[in-house]
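Q: Take the sequences, apply the hints, and build the full model.
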Amino acid sequence: MVSLPRLVVAAPSTGQGKTTVATGLMAALRIAGHKVSGHKVGPDYIDPGYHALATGRPGRNVDPHLVGEERIVPLLLHGARGADVAVIEGVMGLYDGRLGTDGYSSTAHLAKLTGSPVILVVDVARMSRTAAAIAAGMAAYDDTVNIAGVVLNRTGSPRNDAEIVAAMERTGLPVLGLLPRDEELATPSRHLGLVPAAERDGSVALLHRLGEQVAAHLDLDAILAVARSAPDLDAAPWTPADEVQPVAGGERPVIAVAGGRAFTFRYAETEELLRAAGCEVVTFDPIAATALPEGTQGIYLGGGFPEVYAAELAANRALLHDLRDAVASGVPTVAECAGLLYLAETLDGSPMAGVLPATAAMNERLTLRYPVATAVTDSLLTRAGEQVTGHEFHKTRTTPVTGDAPAWEIDGDATGFATPTLHASYLHVHWAGHPHLAQRFADAARNAPRHRSHLDPSLAEESASLTEPTTAPPTPTPRRPLRHHGDAETGRGLLDFAVNVYEGPRPEWLERALRASLAEAVSYPDASAARSAVAQRHSRRGDEVLPTAGAAEAFTLIARLRPWRNPVVVHPQFTEPHAALEQAGHKVTSVLCRPERGFALDPDDVPEDADLVIVGNPTNPTGVLHPAAVIKKLRRKGRLVVVDEAFMDAVPGESESLVRERLRGLVVLRSLTKHWSIPGIRAGYVVGDNLVVRQLADLQTPWSVSTPALAALIECSKRNATAETRRRAHELQHWGDFLQGGLRGRGIDFVPSSAPYVLARLGDSAHAALREDGIAVRRADTFPGLDSSWVRIAVRPQSTTVQLFAGIDRLPARQPA
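Residue numbers (our numbering): 3 to 819.
Treat the hints with care, since some could be wrong.
Straight-line C-alpha distance at most 20 Å; calculated SDA-like pairs for lysine to any residue [as the list claims (entries may be wrong)]:
#1 Lys634 <-> Asn692
#2 Lys397 <-> Met364
#3 Lys639 <-> Asn568
#4 Lys639 <-> Trp566
#5 Lys37 <-> Pro239
#6 Lys634 <-> Glu656
#7 Lys37 <-> Ser5
#8 Lys37 <-> Asp234
No lab work stands behind these hints: they were computed from the structure. Here the structure is a predicted model, which is why all the values come from computation and not from measurement.
A: So, in structure tokens, the structure goes:
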């Protein structure tokens with residue numbers, strides 16, 4: 003038996019707000035510190051994209067039609083491994099399923115299969131007491147479905163809300179929350195429904211705001227109690243290794259999987275099955291990449307919206323040429339829906355790969371069906387007569403609809419294109435329900451030739467802005483590793499992923515303040531106003547704040563504060579405090595966080611006699627965000643704990659920060675350098691134990707903090723700056739998710755990061771090879787506890803990160819050392 007707190011979010015019909023409430027609930031629970039697993043009833047692939055952003059883990063589909071009833075609970079448990087709670091978003095109305103099947107594959111069917119309580123979402127924007135009648139009818143319709151509570155969505159006036167709540171009392175269904183109307187949280191739609199999260203700028207910020215709204219207006223404790231009421235499940239989690247056999251011997255065949263904004267859909271289990279079958283899955287962006295990943299032996303082109311990006315896809319002639327060559331040479335290729343369109347001769351008149359003898363165009367008629375498909379012939383994936391379950395959802399049509407050898411027969415009609423090395427059709431198939439398809443694809447890839455790109459020089463020149471390497475001299479071995487910083491890694495002509503300064507213009511209000519401060523430079527700087535501004539921002543007293551010339555001055559002051567007997571620096575982390583302590587004549591003890599523990603801090607590793615402990619949070623370079631409760635365990639009588647929160651303002655919500663807590667023997671350091679792009683203006687501060695702050699102030703050189711730095715401290719503590727901080731934090735998180743997703747897709751070992759940088763294990767030669775290719779990343783072997791196989795990568799906008807991925811794909815080997 004397996005215990006999994008879980009619930010289903012359902013509604014009387016489509017358009018009631020299931021996605022808003024379910025996704026917002028996932029985000030709210032994650033913000034509250036819970037590990038949340040997101041699931042979607044049915045085949046829809048757009049909602050799970052939002053679930054993934056809200057939870058920080060893959061969104062999963064649970065669909066009896068696609069995978070069979072017997073796999074639903076195992077797949078749910080697989081997707082929820084390690085989670086505290088699973089939130090399952092329903093489909094259509096609660097009891098609406100596949101037509102003619104008495105509700106098969108409906109939300110109610112799924113709730114019963116998984117024994118999950120249901121929370122009913124009712125849009126009350128145009129009703130009052132009738133909402134209670136609807137809820138009562140839904141609950142009475144099938145007494146085997148456990149409707150455990152109701153969320154009222156799009157509420158309006160307090161009087162009408164009170165009328166509805168009073169009416170609900172008659173039903174016996176508890177009201178678990180009232181979510182007010184907020185048009186700013188609306189999700190835009192297009193011809194096939196919602197715009198995918200990967201295509202929508204600001205998705206991360208939107209979901210964070212939605213999570214905050216849900217946390218403010220729904221009773222999270224009551225909802226968690228509903229989830230915890232779910233009975234234990236009598237099943238074992240689904241495991242891809244049990245479904246396929248790894249191909250034996252030799253190197254892992256590279257499977258090139260289309261991603262990016264035009265190809266946003268594939269089921270997570272598809273890639274997991276391919277990896278279990280011994281393949282290396284590498285994601286490429288058909289809009290940006292100029293060639294398939296080197297050594298490609300299989301190509302998977304999933305779903306998405308190529309019709310929206312037809313012009314951009316057509317403009318990337320280099321990749322279209324390379325893809326056409328690869329398919330023609332026999333590289334096994336699977337194309338579903340969007341992939342089918344991409345392989346056509348044209349899409350709405352824009353030239354595509356020209357692999358298939360067909361053209362594609364938008365169509366007035368929407369095709370939406372949930373069929374059982376029969377294989378017409380032996381092909382790459384199928385054997386004649388085999389049947390699979392799948393779904394189609396598209397508003398385009400190919401002419402002709404099939405080739406000489408159709409892929410499927412559906413409802414008496416032949417459709418798609420199939421050969422021994424190619425399978426292309428509109429049908430989406432969930433391979434967890436048909437794992438033999440993954441096995442056949444992996445076996446074919448193992449026996450296929452390794453594709454080598456041979457680009458026409460003129461085509462390569464067209465994409466030079468993305469792929470052309472720029473050589474640079476190698477970085478000399480640092481003479482003083484503890485004093486080695488990322489700025490030493492950069493240089494003219496290098497793409498900078500080494501320095502963690504926010505990439506973007508400074509706000510105009512900060513520019514104005516810095517320029518105005520020059521007029522005050524005729525007088526010695528007075529830090530009192532800056533001290534008050536910082537104190538007010540963090541709800542502290544003025545005597546608990548000390549402005550400093552960046553965090554670097556603070557480290558120097560702390561090193562000189564006392565004759566430390568056993569100062570400890572928790573590594574790997576920013577090396578400046580270690581260097582400052584040694585420069586002050588102290589012998590430093592290094593406590594190493596281990597990679598096998600995810601570089602997490604264990605307070606028991608710190609010697610009991612340590613009288614000074616310095617730890618970064620989030621830590622540079624690992625990006626690990628240590629729980630505040632864990633850091634507080636470091637406190638001892640006679641010990642000073644210093645928390646370097648230089649990057650905490652890049653963490654949405656600044657979760658785990660200790661800057662507002664009054665604790666004896668603890669101080670927090672902050673810096674404005676990175677977040678506000680002012681490395682040339684040393685601006686930082688210390689917040690904490692007022693006795694320690696006063697002692698540090700006594701050591702500080704008079705007027706060490708410049709007038710521009712003080713002006714920056716004042717401006718960056720104001721309310722408008724706080725709003726901009728939140729915006730930047732969400733933007734950085736979005737960029738970071740894109741970077742980590744690309745690394746994950748390439749099978750690269752990295753540390754999941756809460757900071758605006760990612761520690762990745764690219765191999766011993768990767769740092770130098772990338773530099774020779776014109777890309778600067780931060781070497782990590784100067785951080786105690788790390789070796790030359792690691793590099794630190796600053797997060798950058800997606801368009802810049804694509805260039806990094808191209809460089810990584812050109813590395814001789816991408817496997818960790």
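Q: Confirm or reject each hint.
A: Outcome of the hint check:
no.: 1; hint: Lys634 <-> Asn692; verdict: 17 Å, holds
no.: 2; hint: Lys397 <-> Met364; verdict: 6 Å, holds
no.: 3; hint: Lys639 <-> Asn568; verdict: 14 Å, holds
no.: 4; hint: Lys639 <-> Trp566; verdict: 14 Å, holds
no.: 5; hint: Lys37 <-> Pro239; verdict: 18 Å, holds
no.: 6; hint: Lys634 <-> Glu656; verdict: 16 Å, holds
no.: 7; hint: Lys37 <-> Ser5; verdict: 15 Å, holds
no.: 8; hint: Lys37 <-> Asp234; verdict: 18 Å, holds
Violation of the numbered hints given earlier is absent; every hint is satisfied by the structure.
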